[in-house]
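Turn these sequences into a full structure, and let the hints steer you where they fit.
Protein chains in written order, with numbering that gives the first Met the number 0: chain L, 0 to 187; chain U, 0 to 191.
Do not take every clue at face value.
[Unchecked claim] BS3-like cross-link-like pairs, simulated, lysine-lysine; straight-line CA separation at most 30 Å:
| hint | chain 1 | residue 1 | chain 2 | residue 2 |
| --- | --- | --- | --- | --- |
| 1 | L | Lys90 | U | Lys86 |
| 2 | L | Lys150 | L | Lys90 |
| 3 | L | Lys100 | L | Lys90 |
| 4 | U | Lys143 | L | Lys84 |
| 5 | L | Lys84 | U | Lys150 |
| 6 | U | Lys86 | U | Lys45 |
| 7 | L | Lys84 | U | Lys45 |
| 8 | U | Lys93 | U | Lys143 |
| 9 | L | Lys162 | L | Lys150 |
| 10 | L | Lys84 | L | Lys100 |
| 11 | L | Lys100 | L | Lys154 |
| 12 | L | Lys11 | L | Lys100 |
| 13 | U | Lys86 | U | Lys143 |
| 14 | U | Lys45 | U | Lys93 |
| 15 | L | Lys90 | U | Lys45 |
| 16 | U | Lys150 | U | Lys93 |
| 17 | U | Lys93 | U | Lys46 |
| 18 | U | Lys161 | L | Lys100 |
[Stated by the list, open to error] Beta-carbon label-pair distances, calculated as ranges:
| hint | chain 1 | residue 1 | chain 2 | residue 2 | range |
| --- | --- | --- | --- | --- | --- |
| 19 | U | Arg128 | L | Met114 | 24 to 34 Å |
| 20 | U | Ala179 | L | Met114 | 45 to 55 Å |
| 21 | L | Ile45 | U | Gly25 | 32 to 42 Å |
To be clear, the hints were calculated from the coordinates, so they are not data collected in a lab.
Ideal Cβ placement from N, Cα and C applies to all residues, glycine included.
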Amino acid sequence: MHASTEFGYNSKIEGDAIHTRVDAALNWFRKNSLWPMPMGLACCAIELMATGASRFDISRFGMEVMRFSPRQSDVMIVAGTVTYKMALAVKRIYDQMAEPKWVIAMGACASTGGMYRSYAVLQGVDNIIPVDVYVAGCPPRPEALLDALIKLQGKVAREPVVKELVITSRKKALSVPEKPVEAPPALA
Amino acid sequence: MSALDQANQLIAQFGDLFSAPTEFRGEVTLVVDDPERIAEVCAFAKKSLGFDYLVDISSVDNYGDDPRWTVVYELYGISHAQYLRLKTNVSEEKSELPTVTAVWRTADWHEREIYDMMGIRFRGHPDLRRILMWEGYPYFPLRKDFPLAGKPSEMPDVAFSKPAPIEGGPFVAAPGGKDAIEREPRVRTPED
Numbered sequence: 000m001h002a003s004t005e006f007g008y009n010s011k012i013e014g015d016a017i018h019t020r021v022d023a024a025l026n027w028f029r030k031n032s033l034w035p036m037p038m039g040l041a042c043c044a045i046e047l048m049a050t051g052a053s054r055f056d057i058s059r060f061g062m063e064v065m066r067f068s069p070r071q072s073d074v075m076i077v078a079g080t081v082t083y084k085m086a087l088a089v090k091r092i093y094d095q096m097a098e099p100k101w102v103i104a105m106g107a108c109a110s111t112g113g114m115y116r117s118y119a120v121l122q123g124v125d126n127i128i129p130v131d132v133y134v135a136g137c138p139p140r141p142e143a144l145l146d147a148l149i150k151l152q153g154k155v156a157r158e159p160v161v162k163e164l165v166i167t168s169r170k171k172a173l174s175v176p177e178k179p180v181e182a183p184p185a186l187a
Numbered sequence: 000m001s002a003l004d005q006a007n008q009l010i011a012q013f014g015d016l017f018s019a020p021t022e023f024r025g026e027v028t029l030v031v032d033d034p035e036r037i038a039e040v041c042a043f044a045k046k047s048l049g050f051d052y053l054v055d056i057s058s059v060d061n062y063g064d065d066p067r068w069t070v071v072y073e074l075y076g077i078s079h080a081q082y083l084r085l086k087t088n089v090s091e092e093k094s095e096l097p098t099v100t101a102v103w104r105t106a107d108w109h110e111r112e113i114y115d116m117m118g119i120r121f122r123g124h125p126d127l128r129r130i131l132m133w134e135g136y137p138y139f140p141l142r143k144d145f146p147l148a149g150k151p152s153e154m155p156d157v158a159f160s161k162p163a164p165i166e167g168g169p170f171v172a173a174p175g176g177k178d179a180i181e182r183e184p185r186v187r188t189p190e191d
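Right under this line is the structure:
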């Protein structure tokens with residue numbers, strides 16, 4: 000027997016029950032169906048389209064369902080130069096996304112303003128919305144974007160879901176800073 | 000008929016409105032002395048000289064000189080394949096000249112861009128709004144006295160802007176340098 004199957008579910012041994020933590024299970028569901036929302040603003044969007052095309056096969060990671068509606072998406076990929084004229088539109092679309100939601104800043108412009116040290120360009124999309132993963136490159140190759148999405152999966156897998164849900168449901172103003180929760184044991 | 004001949008026809012029609020045409024590398028330039036008559040000149044160039052295509056309108060900020068603005072019209076005739084460049088100078092106090100949208104409809108967006116970036120107004124324009132920056136942006140960013148980094152502004156629910164961190168820049172590349180260290184983008188003053 001392979002070493003990796005020791006972590007897997009074996010119905011002959013364990014019967015119909017799987018023991019896990021709610022956090023781990025919810026995170027597992029979430030991270031394997033990240034629906035991206037393309038926020039294509041400049042040439043990075045071309046690489047984003049390449050990522051979604053057949054050669055790079057984004058569906059290997061469960062992220063192939065690109066939705067152009069913020070209501071149906073989990074992760075906004077800000078691909079390109081965010082001008083001040085576009086900035087509040089990007090923020091508005093982010094605000095329309097349902098929780099839980101994440102943001103990837105793809106490329107130098109979305110991360111920092113890039114080469115545009117200019118009157119017209121927002122110096123990094125993190126000035127208006129929280130960013131989870133930054134991707135270097137001008138533009139980044141599709142492999143880099145896939146790597147960012149896989150890193151984001153790693154981040155999603157470590158989130159304290161239950162704690163956050165409890166806090167939200169009780170509508171408590173949280174004064175205690177959250178401690179990062181240890182990574183759950185791998186399920187698959 | 001060459002562009003020079005056509006320029007001379009314009010001079011024959013409008014007389015002392017022009018100084019002599021200048022030619023540089025086959026490109027003919029005419030300076031229209033009175034910006035108030037630019038629309039009239041353009042209408043004649045289109046109707047009688049066949050310049051049916053307005054390639055571009057651009058503007059120059061001669062910061063520190065008077066008159067401050069130069070507006071440049073690039074004309075082309077598809078039937079005779081000749082270019083003609085018309086220039087006219089506009090003072091800063093006036094900052095206004097007649098529109099040529101009645102001659103070429105494509106002038107609409109060109110003139111809006113000049114208004115947006117330089118703040119030169121075009122009298123008679125059907126829709127003189129900003130085209131690149133948002134409504135309510137208070138500056139004209141292509142003017143020479145506007146800082147490269149930009150200025151802070153706030154237009155609630157529309158847009159905001161902040162000065163960009165220049166960090167000692169702007170950094171300029173020198174293509175003629177003998178090695179990569181000399182060629183790479185660095186702070187360069189005009190004396191270097």
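* To do: Taking the numbered hints from earlier one at a time, note which ones the structure violates and give those numbers from smallest to largest.
  => Going through the list in order, the structure violates hints 1, 7, 12, 15, 20 and respects the others.
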